[in-house]
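Q: Listed below are the residues making up each chain.
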Amino acid sequence: MNSSKLAIEIPLEIAEPTTGMVQAVLRELLEHVELLAESGQQHVIDLTSLPLNDSDKRELENVLGKGEISVTLSTLGDSRIIETGINGIWWIKHFSPNEKLLAELIEITPFPEIIKSHPDDIKQAVFELKKLIEINESGEEV
Amino acid sequence: MSDNRQQLAGELQRHGISRRTFLKFCTSMASVMALPPAAAAEMAEKLVKIKRQSVIWLSFQECTGCTESITRADKPSLESLIFDFVSLDYHHTLQAASGDAAELAREQAMHDNAGKYILVVDGSIPVKDGGIYSTIAGMTNLDMLEQVAKDAAAIVAIGSCAAFGGLPKASPNPTGAVAVSDIIHDKPIINIPGCPPIPVVMTGVLAHVLTFGIPELDDMGRPKAFYGDTIHDRCYRRPFYDRGEFAKSFDDDGARKGWCLYEIGCKGPTTHNACATIKWNNGTSFPIQSGHGCLGCSEPDFWDAGGFYKAISTGIGNPGQWATGALAAGVAAGLASAYLNKSTKSKAEKNHQEVTIEDMGGKHE
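Protein chains in written order, with my numbering: chain H, 1 to 142; chain L, 1001 to 1365.
Chain H with its partners taken away, still in its complex shape (with noise of 0.2 Å):
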């Protein structure tokens, strides 16, 4: 049997249709940035905990569009945090190292927490610019 004759084209994604829950979760987020703008308060949405498709979610993301702040963190693998063309809410998504999507938040706040130094981390920072000035003082080759 000549293997090249067996050319069938399988399509390997076909979009899912939307479900219509899209709408839901945007008079969910219009109530949460209402709150913001009103007391500051904070909220966070899980979209993993939502029975929405990927369609929905690009449907979702389509809608918000992208603002002006983009942010990789990298660490055991990248996340992506973007604040969406709302100011306010930013769309976040953890992947690990091979590309598995962890969690997918939406949040509602000025700035989220994840891209701030921690006071720990900046206390071993005080020690680790020490040493670097130390090395680079002594000529060193780093």
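Since the hints were made in silico from the structure, they are not lab data.
None of the values given here were measured: they were computed from a predicted structure.
Ideal placement from N, C-alpha and C gives every residue a C-beta, glycine not left out.
Among the hints, erroneous ones may be present.
To be verified - Cut-off 20 Å, straight-line C-alpha distance, at most; resulting in silico cross-link-like pairs (EDC-like, lysine to aspartate or glutamate): (1) H:K116 / L:E1045; (2) L:K1257 / H:E16; (3) L:K1279 / H:E31.
What the hints assert, rightly or not - Which residues of chain H face chain L? A few of them, derived with a C-beta cut under 7 Å, are: (4) T19; (5) D46; (6) N53; (7) T75; (8) L102; (9) D120.
Given the structure of chain H, go ahead and fit chain L onto it with the hints provided.
A: Just chain L now, kept in the frame of chain H:
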């Protein structure tokens, strides 16, 4: 011992694991456990302060599928960080030691951490004929469970076998297999059923135990965060069910359109698990997404709960219970055990249900 009980913070920092990494780990854990948003930060704060928790893992009547599941995430994965938070002092399949040295490691850990260690069990425990059907180092599973459970802080029963008896308990249950909770009554037991359970469910529960203690459990001892909803509740095909759009057989028009699989036997409505949201194989898919109904593998006695391709609404006669009833009647009548075994076997054969092409919605040619 002092080595593996030092604070994690310094140890992990030396491995280049920053607090952001911690927060990322805890965010994904909190996310899968549906904890409130503030919990991720709190969990991270607690995790860096804890000392390594001693864990003794006992494998009884099982297939090692649960261990495969928890260790098979591609490394290095964030889930595998859990192994940095615990000291796995005994685990048949994973430990380097063997024979007497292995058993010694178990006894040493039990002695050093008496009252503090976590006991993880996968597999059911055979109790028929004094428990002789499964032994480790000459000790029956029953004896080993009782011995190790005595000084455990808590027990985590991993997989449907440890939680509910699982496949070994399926009719006619030749070894008298039972669940951990049938034997141990004086310790907190967390059941994490599934055949196997989802990896992140196991690591999530362990992370919760390490930081916030025992998670909220339902009446079957299952963490509500993962088993609070049915597959059906969170299924992306739910809108089709609500609209009455059902696949009537595999590969019919409805099946191709991705309609609800209820009528071809999906057990989603009666199965409590998190497959629909967390999914399998690195979040790739889950049975329903692949076009097959849920088998209900995380529910008690799922193997005896009627045909996999019969709709729940058709009713599920339980041949297992019927066979057990006949067995008990036989004992009352004082029949010889050899005859009994034979009779039980033939009944089991009679009750054995084969899946036919009609079950799957097809037609004989």
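Q: Indicate, hint by hint, whether the structure satisfies it.
A: Structure-based check of each hint:
1. Distance check on the hinted pair: H:K116 and L:E1045 sit about 15 Å apart at the alpha-carbon level, within 20 Å; holds.
2. For a cut-off of 20 Å, the pair hint linking L:K1257 to H:E16 stands: about 9 Å separates their Cα positions.
3. Our distance criterion of 20 Å between C-alpha atoms is broken by L:K1279 and H:E31, whose separation comes to about 30 Å.
4. Here the hint on H:T19 is kept, as its CB sits about 5 Å from the closest CB of chain L, short of 7 Å.
5. At its closest, the beta carbon of H:D46 sits 5 Å from a beta carbon of chain L; the interface hint therefore holds under the 7 Å criterion.
6. Because the closest C-beta pair between H:N53 and chain L is about 4 Å apart, less than 7 Å, the hint holds.
7. Given hint, H:T75 at the interface with chain L, holds; its Cβ is 4 Å from that chain's nearest Cβ, closer than 7 Å.
8. Contact between H:L102 and chain L, as hinted, is supported at the beta carbon level, the nearest pair being about 4 Å apart and thus within 7 Å.
9. The closest approach between the C-beta of H:D120 and any C-beta of chain L is roughly 6 Å, which is under the 7 Å cut-off, so the hint is satisfied.
Violated hints amount to a single one, hint 3; each of the other numbered hints is respected by the structure.
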